[in-house]
Amino acid sequence: MVKDDAYYASRRQFLQTLAATGAIAAADLAWWQDPFLGPRRARAAASTVRFQFSVPEPLRISLVESLVERFNKSQSDVEVKVEFVPQAQARQKLITAVSAGSPPDCCQIWDNWVGEFDGMNALEDLTARIKDWKHYKDTVPVAWQTVTVKGKLLSFPWVVTNDAIFVRTDRAKEYGLKIPGPDWTWDDFLTLAKGYTKPDKNQYGFGMRGAGTWAVLYATEFLYSNGAQVLKDGKVVINSPESVRAFEWYIDLIRKHKITPPSVATDGYRQIVEGFGRGVTSMYLHNSGSVEEQKKFVGEPNFATLPLPLGPAKKRASFYFSETLTMFKAAKNKEGAWKFMTWLMDDEPNYDYAKTLGLLPTRQALADRPHYKHPGYQGFVKSFPFSIVSPYLAYAGWGGKLDSEGVPLVQQAMLGKISPKECLDKLAEVLTRNMA
Amino acid sequence: MSNQNATIAVPAPRALLSHATRETLSNYAYLLPAAICLGGTVLFPILKAIHMSLYYNVLIKPQEYRFIGLGNYVRMVQDPTFWLTLRNSFTWVFWSVSLQFFFGFLVALILNGQFKGRAIYRTINLLPWIIPGVVVALIWEYIYQPNYGPLNDLLRRAGLMREPVAWLSNLNLVMPAVVFTNIWRGIPFFTIMILAGLQAIPDEIYEAATVDGAGVIQRFWSVTLPMLRPIIVVATATRIIWTFNYADLIFVMTSGGPANATQITSTYTLMQAYSDLDWGYAATLSVILLVIMLVFTALYLKLTKGVESVAG
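Chains A and B, in that order, are what the protein sequence lines are.
Just so you know, we're using my numbering here: the first sequence kicks off at 4 and counts up by one.
Just so you know, we're using my numbering here: the second sequence kicks off at 12 and counts up by one.
Any given hint could be a false lead.
Claimed, not checked - Under the rule of at most 25 Å between Cα atoms (straight-line distance), these lysine-lysine pairs were calculated in the DSS-like manner:
1. A:Lys153 to B:Lys72
2. B:Lys316 to A:Lys96
3. B:Lys313 to A:Lys96
4. B:Lys72 to A:Lys335
5. A:Lys298 to A:Lys204
6. A:Lys96 to A:Lys84
What the hints assert, rightly or not - Calculated Cβ distances over 12 Å to all of chain B for the following chain A residues:
7. Trp113
8. Lys134
9. Val143
10. Asp173
Worth flagging that the hints you see were computed from the coordinates, not collected in a lab.
We put the CB at the ideal spot given by N, CA and C, even for glycine.
Given these sequences and hints, build the entire structure.
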């Protein structure tokens with residue numbers, strides 16, 4: 004026993020050993036990091052650009068991969084590495100990356116996120132760089148508006164889109180219906196929708212959106228046709244009398260006239276696009292992003308697009324949105340990111356991206372190309388004069404709330420659980436509460 | 012006579028720890044890896060969630076991050092949507108688990124019998140459980156699609172429907188529709204658990220009961236059910252906890268809609284975290300979910316007398 008105990012160290016020896024081990028470990032780590040990690044980090048910072056891209060459809064993956072490959076082949080000192088993120092998680096992933104201090108160098112984001120990221124003080128102010136950029140003046144002014152926050156240009160508006168109504172021209176002919184001109188009215192819209200509606204054939208006049216943020220935005224566009232607004236003199240006025248009247252008319256399309264499919268309250272982007280493509284609906288409101296898809300679904304000559312109809316106030320509005328290219332303040336390779344972003348905005352990469360996805364280029368020289376003369380794009384082109392930046396971009400806090408509180412309210416009105424007025428009153432409360 | 016060669020004993024250095032303490036510590040040391048893993052993956056997230064729930068933590072407003080004590084809990088009590096989601100959660104759990112159990116039991120009894128191709132049926136029975144939840148949700152979303160989904164098409168062809176029914180858009184039908192999907196998915200779980208239990212019951216007990224004059228129903232009530240009690244208790248408790256926290260199915264099929272008709276507390280928590288980016292409030296909802304489940308489990312085990320075997 005005595006012999007065994009002789010091997011045990013005293014408290015002092017134990018503590019000394021512990022301290023010595025700690026010191027050796029610390030020195031060892033410092034030595035290990037310096038020669039191996041240091042240069043590797045420095046080299047990566049000099050040559051690699053991390054680009055995050057959110058993917059709403061598979062087509063974009065191959066498109067972006069080919070663009071990145073073209074860029075990388077054209078450069079000797081910069082290499083872009085693209086990180087694909089499903090669209091549903093893109094915003095949240097970026098926000099957590101910014102919170103953790105490790106965002107990508109640049110990324111593609113939707114303009115309604117720009118305000119949020121600026122609120123987090125995460126975006127690089129690109130004003131000076133962009134004003135010196137060679138195509139600055141060729142870019143349509145409203146596109147710059149979509150990426151301007153508090154007077155600062157925070158992104159490139161890569162491609163833009165506004166909203167218009169898709170109409171089945173072949174079916175109108177079949178049913179003896181007349182397709183109105185671009186200055187049509189709510190009455191013309193209702194007459195046409197009723198003419199298209201044949202429930203026994205599972206055919207409905209209008210594919211209205213009931214799910215996702217756009218359920219609120221599309222409804223709001225109709226409210227604007229009656230002279231309504233979301234904000235006036237810094238106050239939320241979405242529940243004004245003209246707004247309520249317009250929303251009653253909009254909800255009547257479902258509840259009284261029954262010109263929408265019964266699934267309207269949960270129909271999202273995919274359902275309204277496919278509903279039209281499969282012949283269930285004959286009209287729907289969407290951006291130009293589904294033009295190319297409909298050319299394949301219903302055939303190139305069988306549809307056209309019209310601007311939103313004029314309301315009783317003889318007004319209308321189409322909300323402008325842009326897909327943007329943004330650089331983060333914490334980017335490790337700002338020069339490389341700028342080089343890549345400006346390359347994507349150049350003639351051929353920009354035109355290829357916009358054309359493949361059915362979106363509109365922000366540069367006038369590209370928008371004037373013959374591709375955009377197709378009837379499928381005419382509704383969007385003719386909507387430019389009254390296109391405005393979405394009023395919901397005014398406050399960063401509105402972004403998520405439209406989804407979590409606005410959409411359920413609109414769905415309740417669609418299903419007759421609350422009146423249109425109650426819906427707008429509650430929506431006004433939500434917006435007022437989150438004006439920050 | 013004195014011993015001139017006697018050596019003087021040198022006291023051994025005092026050990027740092029006593030033998031008993033060393034033994035105890037070494038025993039605990041064996042548990043350390045498991046304790047670290049559990050602490051890191053179970054305890055730390057729980058403590059972190061409690062910590063987060065005491066802060067105003069909206070990711071898009073980092074400058075407003077601050078300690079607010081029980082502010083999020085007060086907000087939750089005053090939030091009508093939270094109470095609606097809690098009610099929806101109970102409906103969702105009650106109907107899902109009770110019917111999964113009922114049909115799972117039925118299928119287990121059938122599969123416990125002797126018939127040709129039993130192995131194939133047992134394998135097929137597992138399919139809904141094997142398919143990932145998100146895929147199940149997408150499949151059933153398509154089946155329920157009112158305009159081109161197979162369910163409406165079949166009903167129309169059978170002459171049972173004239174106008175399409177929007178299963179996932181109708182306030183009265185949407186919850187039964189998602190519950191039905193969950194029942195379909197969960198039946199194999201109960202089948203497999205109960206089947207294992209049935210096969211563990213010795214035939215002698217049934218033989219003895221038969222000799223004593225017990226009929227089929229008496230044997231079921233007096234032998235089968237009591238013998239299966241530990242398995243039933245564990246399986247139902249596990250399934251209730253899973254279903255209460257199970258968000259994938261509803262999230263994909265309806266996103267909690269329409270008009271929050273299928274919004275359960277777990278999907279509402281997801282919505283708060285990933286749509287509103289309000290992590291403080293989402294953490295509060297998670298903590299309450301945890302408390303509800305802890306209370307439920309304690310009560311359930313007490314009421315069902317735990318998992319002790321009938322013999323015990």
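| request: Kindly indicate which numbered hints from before are broken by the structure, ordering the numbers from low to high. | output: 2 and 3
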